[in-house]
Amino acid sequence: MKAKVYVTLKQGVLDPQGKAIQHSVELLGYGGIADVRQGKYFEIALDGTLAETEAREAANRMAREVLSNPIIEDYRVEIE
Amino acid sequence: MKFGVIVFPGSNCDHDAYHVISKHVGQPVDFIWHRDTDLNAYDALIIPGGFSYGDYLRAGALARFSPVMNSVRDFAARGGFVLGICNGFQILCEAGLLPGALMRNRDLHFICDHVNVHVETTETPFTNQLKGGTVLRIPIAHAEGNYVCDDATLEELRREDRIVLRYCDERGEATEAANPNGSRDNIAGICNRERNVLGLMPHPERACEDLLGSSDGRDIFRSLAATLAAME
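In order, the protein sequences belong to chains G and W.
Its first residue numbered 89, the first sequence is counted upward by one per residue in the numbering used here.
Its first residue numbered 7, the second sequence is counted upward by one per residue in the numbering used here.
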């Protein structure tokens with residue numbers, strides 16, 4: 089089982105890296121792009137001792153306390 | 007009075023801070039390794055600049071879990087003075103000792119340059135030897151110094167006179183052009199509500215000798231020393 093954590097900038101927080109990436113891909117000729125936002129992805133391998141609900145709870149706590157900064161970032165957790 | 011300079015793996019302005027306290031302030035100072043937890047001997051702590059834990063995850067995010075940080079929290083809660091410079095400011099924000107966060111600079115570059123900062127308040131233990139409205143020329147050296155906070159926090163900082171330094175032009179005007187990194191409201195440094203914890207992105211410890219281009223940073227350390235002397 090794995091916990092996947094996605095950390096993204098909150099809506100309204102300016103993302104200069106995303107803007108620079110958007111500029112670069114547009115220079116390459118890709119069109120139709122409205123916006124690029126950069127985030128972080130964490131893959132946490134679980135050893136099987138936690139039930140899914142416990143794993144979800146732990147991953148949410150980790151995401152909140154360590155992996156994201158709640159002032160500027162949101163997070164989303166998937167267990168699979 | 008005794009100063010302590012906290013050293014994390016990756017701190018690199020620790021010796022500069024130590025040098026300034028011992029040579030220019032003329033007071034005893036120790037290095038404190040991030041695994042130490044006994045801060046009873048100290049009256050003021052400096053969390054220096056650098057790249058603690060390689061800036062992994064986010065600048066300052068991992069240093070906040072070092073054993074010393076629980077002691078720093080208690081130290082600050084007891085009224086001890088804490089000065090966070092650059093990475094130290096980032097750590098204080100991540101640790102929740104100061105509000106807001108420091109994000110990637112607006113133009114993405116690492117900026118290493120002398121900037122002007124306007125002293126917004128002298129009602130802090132770190133600026134009480136300065137004249138209000140003074141413009142200090144102090145270097146910055148960071149990639150993540152873009153201060154962000156929500157509207158309510160900004161309003162609170164203003165109302166409580168907690169914005170200590172703002173980026174400005176030579177005349178002291180906090181213009182957009184004088185804002186090197188996109189910081190909200192040109193904020194370069196803020197203090198906590200109790201005013202004993204200051205975080206700032208500029209490096210006053212690198213501006214203490216004329217030979218290095220500016221000695222404007224000295225008064226920040228001297229203010230702190232004067233505050234401590236008055237308490238003895």
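These are calculated hints, taken from the structure and not from any lab test.
Check before you lean on any hint, since a few could be wrong.
Below, a list of computed lysine to aspartate or glutamate pairs in the EDC-like style, where the Cα atoms sit at most 20 Å apart [said to hold, decoys possible]:
{"id": "1", "chain 1": "G", "residue 1": "Lys107", "chain 2": "W", "residue 2": "Asp113"}
{"id": "2", "chain 1": "G", "residue 1": "Lys128", "chain 2": "W", "residue 2": "Asp61"}
{"id": "3", "chain 1": "W", "residue 1": "Lys137", "chain 2": "W", "residue 2": "Asp175"}
A short list of chain G residues far from chain W (calculated; beta carbon distances all over 12 Å) [claimed, not checked]:
{"id": "4", "residue": "Leu97"}
{"id": "5", "residue": "Tyr118"}
{"id": "6", "residue": "Glu140"}
{"id": "7", "residue": "Glu142"}
{"id": "8", "residue": "Ile159"}
Note that CB positions come from ideal geometry on N, CA and C, so glycine has one too.
Do the hints match the structure? See the list:
1. For the suggested pair Lys107 (chain G) and Asp113 (chain W), the alpha carbons sit about 10 Å apart, so the restraint of at most 20 Å is met.
2. With a C-alpha separation of about 14 Å, the suggested pair Lys128 (chain G) and Asp61 (chain W) falls inside the 20 Å cut-off, and the hint holds.
3. Only pairs whose Cα atoms come within 20 Å are accepted, and Lys137 (chain W) paired with Asp175 (chain W) is accepted, the gap being roughly 17 Å.
4. Consistency note on Leu97 (chain G): stated as away from chain W, yet its beta-carbon is not over 12 Å from all of that chain's, at 8 Å minimum.
5. The claim that Tyr118 (chain G) is not at the interface with chain W holds, since no C-beta of that chain comes within 12 Å of its own (minimum 20 Å).
6. The Cβ of Glu140 (chain G) sits about 26 Å from the closest Cβ of chain W, beyond the 12 Å cut-off, so the non-interface label holds.
7. For Glu142 (chain G), the shortest C-beta to C-beta distance to chain W comes to about 22 Å, beyond the 12 Å cut-off, and the non-interface label holds.
8. Not every Cβ of chain W is farther than 12 Å from the Cβ of Ile159 (chain G); the closest lies at roughly 4 Å, contradicting the non-interface assignment.
Comparing the model with each earlier hint shows violations of hints 4 and 8; every other hint is respected.
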